[in-house]
Each structure stands twice: as C-alpha cells, then as structure tokens.
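Novice: So the chains spell out like this:
Number of protein chains: 2
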Amino acid sequence: MKTSERMEEIRLQLDEINLEILGLLSRRAELVQEIGELKKQKGTERFDPIREKEMLDNLVEANPGPFDDNTVRHLFKQIFQASLGLMEEEKKALLV
Amino acid sequence: MKTSERMEEIRLQLDEINLEILGLLSRRAELVQEIGELKKQKGTERFDPIREKEMLDNLVEANPGPFDDNTVRHLFKQIFQASLGLMEEEKKALLV
Numbered sequence: 001m002k003t004s005e006r007m008e009e010i011r012l013q014l015d016e017i018n019l020e021i022l023g024l025l026s027r028r029a030e031l032v033q034e035i036g037e038l039k040k041q042k043g044t045e046r047f048d049p050i051r052e053k054e055m056l057d058n059l060v061e062a063n064p065g066p067f068d069d070n071t072v073r074h075l076f077k078q079i080f081q082a083s084l085g086l087m088e089e090e091k092k093a094l095l096v
Numbered sequence: 001m002k003t004s005e006r007m008e009e010i011r012l013q014l015d016e017i018n019l020e021i022l023g024l025l026s027r028r029a030e031l032v033q034e035i036g037e038l039k040k041q042k043g044t045e046r047f048d049p050i051r052e053k054e055m056l057d058n059l060v061e062a063n064p065g066p067f068d069d070n071t072v073r074h075l076f077k078q079i080f081q082a083s084l085g086l087m088e089e090e091k092k093a094l095l096v
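Chains as they are written, first to last, in full-length UniProt numbering: chain A, 1 to 96; chain B, 1 to 96.
Chain A with its partners taken away, still in its complex shape (with noise of 0.2 Å):
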C-alpha cells in the first residue's frame, strides 16, 4: 500500500474514532447529570474527590499506553471538569 493511502485510511479511523469517543463523552456525561440530580435529592455534595481519585488511579492501572499516565491523568481530569461544569450550568440556570 502507498504511503498516502494508507495515511488516508489512518484519517478515516481517526474520524471514526473521534466520533466513539464523543459518543462515550455525551453517555458518560448524561450519567453524570442524572447522578448530579440524585445527589442532589439526597442533599450530597456533587464533587466527590475520593470518587474522583479512584476512578483515576483504575485508569491509570488499566493505561496500555502510548500515553503516560500524567496525560492520561490530565485528559480525564479535563472530562471531569467538563462534567461538573455541566451541573453548574444547570444550578445557575435554577437560580435565575
């Protein structure tokens, strides 16, 4: 196979990669809402970082690479913010 072939097939893996990826992102995301809004029914605080820390420390356990642990670390820190972001938008919105 030529070299710009197979680029052109590395791209459309890539494409639908990126398209998994933001699938997995919005379900997990919609999980977090939905614990958000129990949380809040029992009167919990949202951001558990013990929580936080173990769901990092398994994925650094389970990292097969290429990307150290710190990027893996960082990258999933990234979707954690995003995701309590998201329920900090919702309480703004019940308070106007």
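For the record, the hints were derived by calculation from the structure and aren't laboratory data. Mixed in with the good hints there might be a few duds.
To be verified - Estimated spans, in silico, between C-beta atoms of each pair:
| # | chain 1 | residue 1 | chain 2 | residue 2 | range |
| --- | --- | --- | --- | --- | --- |
| 1 | B | R27 | A | T3 | 17 to 23 Å |
| 2 | B | E20 | A | K42 | 24 to 30 Å |
| 3 | A | K77 | B | D69 | 19 to 25 Å |
| 4 | A | D57 | B | E37 | 19 to 25 Å |
| 5 | A | R11 | B | L19 | 23 to 29 Å |
| 6 | B | N58 | A | Q33 | 21 to 27 Å |
| 7 | B | E52 | A | G43 | 39 to 45 Å |
| 8 | A | D68 | B | N58 | 26 to 32 Å |
| 9 | B | E16 | A | T3 | 36 to 42 Å |
Unchecked claim - Reference listing, derived: stretches of chain A covered by chain B, where coverage requires no fewer than 3 residues with Cβ under 8 Å from a Cβ of chain B:
| # | region |
| --- | --- |
| 10 | 18-29 |
| 11 | 35-49 |
| 12 | 77-83 |
Quantities reported herein were computed from a predicted structural model and do not represent experimental measurements. For every residue, glycine included, the Cβ atom is placed at its ideal position computed from N, Cα and C.
Start from chain A and add chain B according to the hints.
Specialist: Frame of chain A, contents of chain B only:
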C-alpha cells in the same frame, strides 16, 4: 429501585465507559504515531491545522449534547495536543 442502588449502578457504568474511552484514546494515539512516522518519511510537517479544524468541525456537527460545542472543542483540542505531545517526545528521544 432505591436511589443508592441506582447511584451504584451508574458508578459501575461510568467505570466501564471510562475504560472504553481510555481504550479509544490509546488506539487513537497509536494511529497518530503511525501517521507521524509516515509524515516524517515524506518530510511533511506533522501538525496540520486545517485537518485539526476539519476534525473539530465534524465533532461539533455531530455533537448530541449535553456538552455544549465549546466544551466538545476544548476536550478534543486537549486530546489532539496530547497526541502531538507524543510525537514531540519521540523527536526529543531521537535527539538525545
């Protein structure tokens, strides 16, 4: 179902989704490494801002929510940057 049972169920689902996202991010990173290798052989620049913009536009177009478009852009820019970071590391390793 009790609230606490549903919360536990969601947590298990989040753990699964985290691992699925990690798997896709890792597969994605491998493909980016391969494309970087092919570009090196061809002598072309590895960072392609037009391709990056195209990928972000595709993702925003496909965004089902609940994340807003800016959050989707932000999260994927972090993913793209981490992948470029991998190529930079490899470059540094070659220079040593």
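Novice: Next, verify each hint and record whether it holds.
Specialist: Against the structure, the hints come out as follows:
In this structure the supplied range 17 to 23 Å holds for R27 of chain B paired with T3 of chain A, their Cβ-Cβ distance being about 21 Å. At about 28 Å, the CB distance of E20 of chain B to K42 of chain A agrees with the hint of 24 to 30 Å. Between K77 of chain A and D69 of chain B the CB atoms are about 21 Å apart, so this pair conforms to the stated range of 19 to 25 Å. Taking 19 to 25 Å as the suggested C-beta distance range, the pair D57 of chain A and E37 of chain B does not conform, at roughly 32 Å.
Between R11 of chain A and L19 of chain B the Cβ separation comes to about 26 Å, which falls inside the hinted range of 23 to 29 Å. N58 of chain B and Q33 of chain A have their C-beta atoms about 25 Å apart, which keeps the hinted 21 to 27 Å range intact. Separation of E52 of chain B from G43 of chain A is about 44 Å and conforms to the stated range, judged on CB atoms against 39 to 45 Å. Under the hint 26 to 32 Å, the C-beta atoms of D68 of chain A and N58 of chain B, about 28 Å apart, fit the expected range.
Remark: the range hint 36 to 42 Å for E16 of chain B to T3 of chain A is upheld by a beta-carbon distance near 37 Å. With 12 residues having a Cβ less than 8 Å from any Cβ of chain B, the region 18-29 of chain A passes the three-residue criterion, so the hint holds. With 5 residues carrying a beta carbon less than 8 Å from a beta carbon of chain B, the region 35-49 of chain A meets the three-residue requirement, and the given coverage holds. Counting residues of the region 77-83 of chain A whose beta carbon lies closer than 8 Å to any beta carbon of chain B gives 3, which meets the minimum of three for the stated coverage.
When held up to the earlier numbered hints, the structure conflicts with hint 4 and nothing else.
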